[in-house]
Amino acid sequence: MSTVEIDNDLGDQRENSAVLISDTKPERPERRRDTRSIGRTDIASGIGAAASSIAMTALLFDQIAPFSGAIGFICIAYPLFLGLYALLVSLENNSLAVRDKLASAVMWSVAILVLCALAGIIFYPVFSAWHVLGMSNFYTEDMANAGPLDPLELGGVLHAVVGTLTQITIALLITVPLGLACAVFLNETRGVFTRTVRTVVEAMTALPSIVAGLFIYASLILVVGVERSGFAAGCAISVMMLPIMIRAADVVVRLVPSSLKEAAYAMGSGQLRTALFVTLPTARSGLTTSVLLATARGVGETSPVLITAGLTPFFNFDPFSGPQVSLPLATYSMVTSPESEMKQRGFGAAVVLIALVVVLFTLARIIGGREAGNLSAGQLRRRAKASERDSQRFKDRSRARAKHRENVWSEPQRGVS
Numbered sequence: 001m002s003t004v005e006i007d008n009d010l011g012d013q014r015e016n017s018a019v020l021i022s023d024t025k026p027e028r029p030e031r032r033r034d035t036r037s038i039g040r041t042d043i044a045s046g047i048g049a050a051a052s053s054i055a056m057t058a059l060l061f062d063q064i065a066p067f068s069g070a071i072g073f074i075c076i077a078y079p080l081f082l083g084l085y086a087l088l089v090s091l092e093n094n095s096l097a098v099r100d101k102l103a104s105a106v107m108w109s110v111a112i113l114v115l116c117a118l119a120g121i122i123f124y125p126v127f128s129a130w131h132v133l134g135m136s137n138f139y140t141e142d143m144a145n146a147g148p149l150d151p152l153e154l155g156g157v158l159h160a161v162v163g164t165l166t167q168i169t170i171a172l173l174i175t176v177p178l179g180l181a182c183a184v185f186l187n188e189t190r191g192v193f194t195r196t197v198r199t200v201v202e203a204m205t206a207l208p209s210i211v212a213g214l215f216i217y218a219s220l221i222l223v224v225g226v227e228r229s230g231f232a233a234g235c236a237i238s239v240m241m242l243p244i245m246i247r248a249a250d251v252v253v254r255l256v257p258s259s260l261k262e263a264a265y266a267m268g269s270g271q272l273r274t275a276l277f278v279t280l281p282t283a284r285s286g287l288t289t290s291v292l293l294a295t296a297r298g299v300g301e302t303s304p305v306l307i308t309a310g311l312t313p314f315f316n317f318d319p320f321s322g323p324q325v326s327l328p329l330a331t332y333s334m335v336t337s338p339e340s341e342m343k344q345r346g347f348g349a350a351v352v353l354i355a356l357v358v359v360l361f362t363l364a365r366i367i368g369g370r371e372a373g374n375l376s377a378g379q380l381r382r383r384a385k386a387s388e389r390d391s392q393r394f395k396d397r398s399r400a401r402a403k404h405r406e407n408v409w410s411e412p413q414r415g416v417s
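Numbering (the working numbering), first residue to last: 1 to 417.
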């Protein structure tokens, strides 16, 4: 082969490689998709799918099929909305993104449904008791001088508010120490008795409230002779709160790192001191949540209060003498009345109960919701004073040891002299 032919072959190869290189286009890097936010396209697709599903379902109900009812309308419109939304999203995204956005649409719709239900629970009593909530006597008077036919200018729920606060205070004084002690016991000990206690606690979470009221009625009122009063009602409420408190506190205490407790044991701290000063302060925020859950269970109980404290329209501040009504019981007795004025008072009592629960939860979260290690100003001052006392004690101990060594070294010298 001559030199000219070789040069021609090399030239052809260069041209072919250049053509191949020009034909292969570089692939663009895959664009990262943000799954945490919702864009304008998603909002527009959701609104369009919702409007289209409502219009198509309305056309189906009105012109095509003999359907009726709000539940049937929702059962047809919602799957239709999901299908239309998936179709609109698929125009600009792949199948993986369509599935992700469809799951997001389902979760958002469920969240909106829950929020609407919560808003209905809160605003329906407010709307039904709008007239009585603006009257000052509703908050400062009891029902001693007001009957079912009396106007709203007479009577109030002061006796029920005082009864609820008194009974829930008694229940918390009983439940919180026992619940914390039982939770620590379940986490710090092992054995057959521990498993038995855990089983009993789990079984008590499903205990009907009427059974708790009958238990206190049979044990305290009939056997011991305690009068039907707010104290007996508080004991019955504590029976309902105790298993909720123990289970929630048990889960929270179990999450405390074992390294913290091991460090306390290594420094010479006992088991009780470690539980009081290491385990419980570390889990303080979660324990506050457990107290809130138990309070939410006990503050709305009706049947235990009816059995153990009775129903009265009079104001009674003494929890150890005489019947004492609570807000849930007053709400039940007023709402079941056939008179419209009493129904409005009942819905007003329900609104007061909701506001009272929100206030109690807020105070509990402010007081006990601080995380471990974040101390208040008073706690910082007490810690500084304790550090000063410890430092002074160490200095006194060092001086005493130095003086003791001097005495030990001086006695042989005196004997020699």
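One or more hints might be untrue.
[What the hints assert, rightly or not] So the derived label-pair ranges between C-beta atoms look like this:
no.	residue 1	residue 2	range
1	259	73	53 to 63 Å
2	121	94	35 to 45 Å
3	259	114	35 to 45 Å
4	199	259	48 to 58 Å
5	173	130	15 to 25 Å
[To be verified] Heads up, simulated EDC-like pairs for lysine to aspartate or glutamate below, C-alpha to C-alpha not over 16 Å straight-line:
no.	residue 1	residue 2
6	261	188
7	343	150
8	343	188
Honestly, the hints are just simulated from the structure, not real lab data.
Ideal Cβ placement from N, Cα and C applies to all residues, glycine included.
Hints and how they fare:
no.: 1; hint: 259 to 73: 53 to 63 Å; verdict: holds, 57 Å
no.: 2; hint: 121 to 94: 35 to 45 Å; verdict: holds, 41 Å
no.: 3; hint: 259 to 114: 35 to 45 Å; verdict: holds, 39 Å
no.: 4; hint: 199 to 259: 48 to 58 Å; verdict: violated, 30 Å
no.: 5; hint: 173 to 130: 15 to 25 Å; verdict: violated, 36 Å
no.: 6; hint: 261 to 188; verdict: holds, 11 Å
no.: 7; hint: 343 to 150; verdict: holds, 12 Å
no.: 8; hint: 343 to 188; verdict: violated, 51 Å
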